Amino acid sequence: MSSETGPHETVSDENLPAEQGAEPGTAAEKANGNPFADPGLPPHDDRIQDIDERAAKRSERTVALLFVVSMLATIGFIASYVIIPVEQYVYLFPLGHISALNFALGMTLGVALFCIGAGAVHWSRTLMSGHEMVQDRYPIGAEEDTKSAALAAFGDGARDSQLGRRKLIRNTMFGALALVPLSGVVLLRDLGPLPEEKLRHTMWERGLRLINENTMEPLRPEDIVVGSLSFAMPEGLEPEGHDFHTEIAKAALMLVRLEPEDIKDPQELDWSYEGIVAYSKICTHVGCPVSLYEQQTHHVLCPCHQSTFDLADGARVIFGPAGHPLPQLRIGVDDEGYLMALGDFAEPVGPSFWERG
Amino acid sequence: MSNTEHNPRPRAKAPAGERVADWADGRLGIYGAAKKNLRKVFPDHWSFLLGEIALYSFVIILLTGVYLTLFFKPSMAEVHYHGSYVPMQGVVMSEAYASTLDISFDVRGGLLMRQIHHWAALIFLVSMFVHMLRVFFTGAFRKPRELNWLFGFLLLVLGMFTGFTGYSLPDDLLSGTGLRFVQGAVLSVPVIGTYLAMFLYGGEFPGTDIIPRLFAVHVLLLPGLMLGLVVAHLILVFYHKHTQYPGPGRTNKNVVGFPLMPVYMAKAGGFFFLVFGVIAAISAVFQINPVWVIGPYRPDQVSTNAQPDWYMGFSEGLIRIMPGWEWVIPTGHTINFGVFVPLMVFPLVLAVMALYPFFESWVTKDKREHHLLDRPRNAPTRTGIGAAWISWYFVMLVGGGNDLWAIFFDMSINAITWFARIGFFAVPILTFLITRRICLGLQRRDRDKVLHGRETGIIKRLPHGEFVEVHEPLPQDQLHLLTQHDQPKPAELPPPTDGHGVRRKVGPVEKLRVRINRGYYGPKAQIPKPTVREYEEITSGHGHH
Amino acid sequence: MKKLSARRRHPLAAIVVLIFALAATGGLYAAFAPAGEAQAGETAAAQSLAIEEGKKLYAVGCSSCHGTGGQGTSDGPSLVGVGAAAVDFQVGTGRMPMQAPGAQAPEKPRMYSQAEIDQMAAYIASLGPGPAIPTEEQYGTEDLSGEEIAEGGVLFRTNCAQCHNFTGEGGALTRGKYAPDLTDVDAKYIYEALQTGPQNMPSFPDTVMPEKEKRQIIAYLHQVNSSDAKTPGGFKLGGYGPVAEGLFAWVIGLPILVGVTVWVAARNAKARKS
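Protein chains in written order, with this note's numbering: chain C, 1 to 357; chain V, 358 to 902; chain R, 903 to 1176.
In short, the hints are calculated from the structure, not lab data.
What you are looking at is a predicted structure, and each value in this text was computed from that prediction instead of being measured.
Some clues are possibly wrong.
As the list claims (entries may be wrong) - Here are the simulated lysine to any residue pairs, SDA-like style, with alpha carbons at most 20 Å apart:
{"id": "1", "chain 1": "C", "residue 1": "198", "chain 2": "V", "residue 2": "546"}
{"id": "2", "chain 1": "C", "residue 1": "57", "chain 2": "V", "residue 2": "598"}
{"id": "3", "chain 1": "V", "residue 1": "724", "chain 2": "V", "residue 2": "841"}
{"id": "4", "chain 1": "C", "residue 1": "147", "chain 2": "V", "residue 2": "596"}
{"id": "5", "chain 1": "V", "residue 1": "598", "chain 2": "V", "residue 2": "626"}
{"id": "6", "chain 1": "V", "residue 1": "500", "chain 2": "C", "residue 2": "57"}
Claimed, not checked - Chain V side only, calculated, beta carbon under 7 Å to chain C, not exhaustive:
{"id": "7", "residue": "537"}
{"id": "8", "residue": "538"}
{"id": "9", "residue": "541"}
{"id": "10", "residue": "780"}
To be verified - To spell it out: a stretch of chain R is covered by chain V in this simulated footprint if at least three of its residues, at any positions, have a beta carbon under 8 Å from a beta carbon of chain V; those stretches are:
{"id": "11", "region": "979-992"}
{"id": "12", "region": "1069-1075"}
{"id": "13", "region": "1146-1153"}
{"id": "14", "region": "1156-1166"}
Glycine is no exception: its CB is placed at the ideal position from the N, C-alpha and C atoms.
Only chain C is shown next, with the shape it has when bound in the complex (with noise of 0.2 Å):
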């Protein structure tokens, strides 16, 4: 049964007569002899700070030494931070090769920080009172009457305001607070124009050349050889340019050459030349550069989300959550041997859209 309140006589009597009476039917039940009954709060146990005052003392210069050594290291850093160039490096194994000054800073301010800390907790640990409390709780609900209280007042108010009569003014009140905040959404639309045609169409027309994104010259057929990749944008884009990323986002293209019979699509060989395809490099599911591009497989995977297109049959789907098959460009050779465009893509590049079609 239970063990009475121990041998100690320690037990703080601000706290027993607390916790006697918080749970009355506690009483009651060890009366009854009920076995499970709360035994209430365990006797307080002093801690040696308690009861010798040179452990306390002990603990006292602990807490100083740690403040101390807290000062310290925010005059290290400070000195961290006039000494070490920031473009200081030093060789610290595991590490590697990194900045002195973020390592002597960090360290410094982090030492600086956690022994205010440890100084803090270690007090309140060992030299505040180590006596447990005990508080009431209520029932965060009101009670009855002044819930009808409550209630009362909201009536008399509403009453007073005459909302519930007055029909006309409720209504139109209503109404206009439901119109106004139309002013703020109609204000969103200059946020970007309208979609129009916009994601139909890239920048590659008919006649321009297909410039090596490497090189930035035009590319020859001859450049491509079987198992190469190469990307290429269309002539004219400037990556300096104001549009560039916008036009790039949309006209970045793939190159590789196949072996004319190991392609399966009918229609991709004859937008090919001589074997050399040229793709979107936008994935059409969310628009990730794909080009994971593994030449004995002719499959090109998005690192992104893993979509997996096969490049010797239509740039088909084989795996992951694309929806459709990467564009094609359909490419030919200009008058001096360049590789050129002959039309823009036929469909949408990239991530489709609900007026894709």
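Put chains V and R on the given structure of chain C with help from the hints.
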């Protein structure tokens, strides 16, 4: 709140601190608040500090974030880089990216602030998540705390989006890929998708508006909302008084612990510095989001390992495991289910958690206030649901990191994707069943411990030669702890006819409720806790065996 | 791969091989003839000796999969025309000879000395024209300026990062294949890989990626991913991006902080002894 107003030493003239407090009281009425709250009791348990980790990392994020705004330029104007980082010399990039490089390489301590900001953000989300799970598994969300659960939930969601917008600001190759994904996802919305995308990005992707817009959202709108919610969350914690674990002396009508002043001021205040110190040290030692090697964003470049920060990882998983379904409906319009379905499942995954408290209170029809926490084993169905949700979330995370799993476990990325596709449905169900069984097993063990005592590991030989293990009866506080929980009776459908023989109509919703309720409280869902009679029969009868 | 080798068993393949071989001989002659008479004779002799030795090594180590004359079998592709650079890469990085069939040949400690590799390379080069082993001047990076290295970064992100990740840590491809980690890989091997396109990697011949650009990529890679690379922020956690960072927050950051919470909330030691 000033902590100087308590000065017990009597003096002729009131000490300065008291005079200041008097002045403040005359204007703010602080004495009333102080009297009520200074010795307010908070229960002590490590798991109650998880939310504090979240709170403090939020404060750390605010502090470092303000510092970063002093140097960051939220602009997509193109510049040539000429700062001190050599492998980017002369590269064309946006001002946002260039200023991030400047913060990292030319502002002294800027790199540290960036790293603290980012690490604190990851830890903020981790701790909110773990805090939420603690609240879930202990049933702390029950009346009267359902609203605070919702506040906390909103903080989690807003934290995710604040994190995502912040991750996008440097305009690096990784975050730009994330924004590209967002555009694709918005485009997949039927009917209005293209309009939304145009409005969001100020035209076609990427345009030049999105970074400045996200900046305003990241530094103003979302943190403002979160700050308000944090305050509301804390006020409610204060007002409701903290829950506590069951144990001797702890009841539903009291709160046992240490006073705010001085113990909790020192502990909680000190804990802020501890959290900050740990995060600062982590930021000194571990590099995070090295945008300088990731490169500036260009829509035609990409890197593998293109993933968001971990808290968005489950949405990444959803999008990676979804099959590529895309239909052209008879009106000639396209519905891209491959993107739209994950986009819709994403809020659903979270909503399941948000709405659970309301679901449970509907099932149990429990209208009482609960301030004493449940031990998870005593609520096997809830614990099972929580574990199932975690496993579900984990499957999505696996799906979101499928490329890294493939590399590290030497597996096929396609196999992992297929595992996640099947696991999305199968794993939560299995986890639910297994967890519930484990809970029931633990309940059974508790019952045995109460009735037969604790196994001591001491083997005794009886006079007639039999060996038995000595079981030591539990002390009363243990007996109390193991038997204090409620075991509600399962709901039952009312008899088909009422007292007058009139057929009673029971709606299908109520029938469903009763069925679910029996899943919570039915004979298969809880092991009856020992009664006093059982206990006395065993202990007074043939001794302990 | 099967299809490729099947095509290489085409009846006409032998003729193609012959033409290539003739061309190679001519090419070799053209390469060595202009040098001084005596020297040319010596080099040519050394060369044919190397080819002879290489052929022997090939017969023992490679022919079971690639065929006795390098024409390829169902187990391995034809090596006619792959060039010395491919041999140097594949054997030099230990990928060849392959130990076990698998999705792709992994890098492993190499089984031949450089001299033996050169002999095998000479033999394979004699089967048909292909890229030669690059020289130090081709892949050396000392002369590149900071801006040129930075351009190498742009080229790396355009051509390489999609598979090898932004700092060349490697990444997954379909069905168990992967793009390997490029940390501290020899400049020569990177150059050869770009030139020859080993296994499923596409090639980046000089026509689409000139020699200098390859060097720029090599130089950039050395800056960001080698044992000399700088990671200013501290330990780089593998360089895999947010997944590794999130994992760190969970498995290191959270446990540290939970440890702190346990300490903060724990009861202090009781003075039971009294």
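Problem set entry | Holds or violated: residue 598/V to residue 626/V, with C-alpha atoms at most 20 Å apart | holds, 19 Å
Exercise. Does the interface hint hold: is residue 780/V within less than 7 Å of chain C, judged Cβ to Cβ?
Worked result: Where the cut-off is 7 Å and the nearest Cβ of chain C is about 16 Å from residue 780/V, the hint is violated.
For this session: Examine the region 979-992 of chain R for residues whose CB is less than 8 Å from any CB of chain V, and state whether their number is three or more.
Result: It is violated: at least three residues are needed, and the region 979-992 of chain R offers just 0 whose Cβ sits closer than 8 Å to chain V.
For this session: So, residue 541/V near chain C? Judge it on the closest CB pair being under 7 Å.
Result: Holds - the Cβ of residue 541/V comes within 7 Å of chain C, reaching about 3 Å at its closest.
For this session: Would you settle whether the hint for residue 537/V is holds or violated, based on the nearest Cβ-Cβ distance to chain C being less than 7 Å?
Result: Check passed: Cβ of residue 537/V comes within 5 Å of chain C, closer than 7 Å.
For this session: Assess, step by step, whether the Cα of residue 57/C is no farther than 20 Å from the Cα of residue 598/V, and give holds or violated.
Result: Violated - the C-alpha atoms of residue 598/V and residue 57/C are around 35 Å apart, more than 20 Å.
Problem set entry | When the least beta-carbon distance from residue 538/V to chain C is tested against 7 Å, hint result | At 5 Å from the nearest chain C Cβ, residue 538/V passes the 7 Å test, so the hint holds.
Exercise. Given the proposed pairing of residue 198/C with residue 546/V, does the C-alpha separation stay at or below 20 Å?
Worked result: Measuring from Cα to Cα gives roughly 17 Å; hence the hint holds.
Exercise. With a Cβ-Cβ cutoff of 8 Å, does the region 1069-1075 of chain R contain at least three residues near chain V?
Worked result: Our answer is that it holds, as 6 residues pass the Cβ test (under 8 Å) against chain V, meeting three.
Exercise. Taking only the CA atoms, is the gap from residue 147/C to residue 596/V under or equal to 20 Å?
Worked result: holds, 19 Å
Problem set entry | Given coverage of the region 1146-1153 of chain R by chain V, tested with a Cβ cutoff of 8 Å and a minimum of 3 residues | Since 7 is at least three, the answer is holds.
Exercise. Is the hinted pair residue 500/V and residue 57/C satisfied, with a Cα-Cα distance of at most 20 Å?
Worked result: violated, 46 Å
Checked against the numbered hints listed earlier, the structure breaks hints 2, 6, 10, 11; every other hint is satisfied.
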